[in-house]
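K.L.:
The letter at position 250 of the sequence shown is residue 250 when you use UniProt numbering, and the numbering goes up by one with no holes.
By construction, these hints were calculated from the structure, which means they are not laboratory data.
Nothing here was measured: the structure is a model prediction, and the numbers come from that model.
Note that CB positions come from ideal geometry on N, CA and C, so glycine has one too.
Where hints are given, some of them may not hold.
[Stated by the list, open to error] In silico lysine-lysine, DSS-like type, Cα no more than 27 Å apart, as pairs:
1. Lys297 - Lys172
2. Lys335 - Lys288
3. Lys135 - Lys288
4. Lys142 - Lys253
5. Lys449 - Lys395
6. Lys346 - Lys386
7. Lys309 - Lys296
8. Lys143 - Lys278
9. Lys128 - Lys282
10. Lys90 - Lys187
11. Lys142 - Lys108
12. Lys297 - Lys263
13. Lys269 - Lys253
14. Lys251 - Lys269
15. Lys346 - Lys172
16. Lys386 - Lys367
17. Lys187 - Lys449
18. Lys251 - Lys278
19. Lys135 - Lys187
20. Lys263 - Lys243
21. Lys291 - Lys142
22. Lys346 - Lys291
[To be verified] Computed beta-carbon distance windows for the label pairs:
23. His154 - Glu130: 34 to 40 Å
24. Lys243 - Asp270: 28 to 34 Å
25. Asn174 - Ser273: 48 to 54 Å
26. Lys449 - Lys269: 35 to 41 Å
27. Glu307 - Asn174: 37 to 43 Å
28. Ser211 - Thr285: 48 to 54 Å
29. Asn171 - Lys263: 47 to 53 Å
30. Lys449 - Phe308: 35 to 41 Å
31. Lys213 - Lys243: 36 to 42 Å
32. Lys297 - Asp240: 17 to 23 Å
33. Glu410 - Asn170: 34 to 40 Å
34. Ala370 - Glu266: 32 to 38 Å
35. His154 - Ala80: 54 to 60 Å
36. Lys263 - Lys449: 39 to 45 Å
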Amino acid sequence: FNNILQWSQSMTKTVKRKRTSSKTSKRRSRRRILELFTSSKSSLAAATLALLESLTEKQIRKNKYAVKSILRESMKKDVAMLESEINILKELDHPNIVRFYETYIDYKYIHIVMQMCTGGELFDRIVKLEKFSEKDAAELMKKILSAVQHLHEHNICHRDLKPENFLFKNNKENAEIKIIDFGLSKKFSKQESNMTTIVGTPFYVAPEVLSGKYDTQCDLWSCGVILFVLLCGYPPFDGDSNKEIFRAILKSKLEFDEDEWGKISEEAKDLISKLLMKDPKKRITIDKALKHDWFKKWENTEEEANEFKLEYLKRLRNYRAPNRLQYEVLSFLMKNLDTSERIKIKELFRNITSTTSGDLTFKDLEKAFADAEIEGATEHISELKKCLDFDKDGKIKYTEFLVATINKNEALTEANIEFAFHHFDTDNNGSITLDNLVEAFHREGRGFKPEEIQEILAQADVTSTGQISLEDFKKLMKFDPHKLMSDSA
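Please model the entire structure based on the sequences and the hints provided.
P.N.:
Structure, rendered in structure tokens:
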């Protein structure tokens, strides 16, 4: 098991953003990070070969982000691994996976800007509580499995799922949980899904990984170990050394000690047993795991077509597509703002998504409209397909759903519009140009072609000057809400 990467701890700091002179012609993505941020010490989780920093947006809003700053010198031999992690983060859009925002490069570091999570690790909560109630464990595990299924649907195997790689969004009891750290994750093709590199963490690594031939089922094993730990506070396979732990994983029988497990339901133990089958071919699949009776036991039994669901589905029915820049601005704000309304929308998204993979299908949408008896909704499905599916992949992603259902008048406040303007005005020159959009989308890892960005600007250029001033931008984003969505029936 010597090939497992050892992740070293490093110092951390808090950085606060400062605006640079508008006269400079240097591209922001190529500046040194110190030209963009000022620093003060803080304590955060460590990251691999990197500084994990807290970045505070000082302009307009005080949003906080996490910045993983990776020493370029240290990555000379591992550039492919870093590129893989960034590409994986760019591809994912799920409420229980940490969000990627953008990258900066200077002469010394590569900086990856991500969602800030201040609630600490799942590991720390386990230590604090010793063990979770079945209800709380079921709620957490369903979110974890949903996020893992989203990874697998995108042909990504995490390969290092453990409590230390889950962070809570904040310190609240009901805080959202997020998968982080994709340094050991592997992108694979459907034709070639087998992997051979031995990676992971001793307590959570699957037996087939130790044998050197495995696939995505290894993540299901890790989920089984996490669930076991959530319910009793210790791992199912233990030892005084890594060698003993590996031997137990390969040879020892799974046991539920009566003193610890006597009051735990048979359904919970059944799911754990199926997740911890040593033969990956006999191990439960992600789809079946999410439909297990244990989750049904703890599901909310309230009437599904409640008032808030009806309200948001009506809003969705009346949704009309904005122009592309309006959509990109709303999408940017949805990724950067936290509102109480988002929690309700997130729950609705989960409730009506049949695959639980993080993507909503149009069949799911048709069923939701039919179940809620939304008048005239089914006739608008073909139109909604054009409006909702901006990336044309046949599915509705979480952010696309948010853009369509959020209260636009709440999202597009004066402060939020200015916040978005300064994001796209990358040289802080007082207007948004084609070069600004190219750079902003590039930092976000967006694969737009130059002609596509030209078209986005042309659609939104209200003065036909090739640039958009702050006042023009405000006018652009104050479009008639009834042309985008209706908050009435």
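K.L.:
When you check the alpha-carbon spacing of Lys269 and Lys253, does it fall within 27 Å?
P.N.:
Roughly 14 Å separates the two Cα atoms, so the pair holds.
K.L.:
If you draw a straight line from the CA of Lys449 to the CA of Lys395, is it 27 Å or shorter?
P.N.:
Cα-Cα ~22 Å, so holds.
K.L.:
For Lys346 and Lys172, compute the direct alpha-carbon distance and say whether it is at most 27 Å.
P.N.:
holds (17 Å)
K.L.:
Kindly confirm whether 34 to 40 Å is satisfied by the beta carbon distance between Glu410 and Asn170.
P.N.:
violated (20 Å)
K.L.:
Taken at face value, is the distance from the CA of Lys282 to the CA of Lys128 at most 27 Å?
P.N.:
The given pair, whose Cα atoms are some 35 Å apart, is violated under the 27 Å limit.
K.L.:
State, for the Cβ atoms of Lys243 and Asp270, whether the hinted interval 28 to 34 Å holds or is violated.
P.N.:
holds (31 Å)
K.L.:
Look at the Cβ atoms of Lys263 and Lys449 and judge whether their distance stays inside 39 to 45 Å.
P.N.:
Distance hint for Lys263, Lys449 is violated at roughly 59 Å.
K.L.:
Starting from the range 36 to 42 Å, see whether the pair Lys213 and Lys243 falls in it by beta-carbon distance.
P.N.:
Violated, since Lys213 and Lys243 (Cβ atoms, about 21 Å apart) do not stay within the stated range.
K.L.:
Between Lys135 and Lys288, does the CA-CA distance stay at or below 27 Å?
P.N.:
holds (19 Å)
K.L.:
Please test the hint of 47 to 53 Å on the beta carbon pair from Asn171 and Lys263.
P.N.:
violated (29 Å)
K.L.:
Taken at face value, is the distance from the CA of Lys172 to the CA of Lys297 at most 27 Å?
P.N.:
Since the Cα atoms of Lys297 and Lys172 sit roughly 25 Å apart, the hinted pair holds (cutoff 27 Å).
K.L.:
Measure nothing beyond the straight line between the CA atoms of Lys297 and Lys263; if it is 27 Å or shorter, mark the hint as holding.
P.N.:
holds (15 Å)
Of the numbered hints stated above, those contradicted by the structure are hints 2, 9, 11, 19, 20, 25, 26, 27, 28, 29, 31, 32, 33, 35, 36, listed in ascending order.
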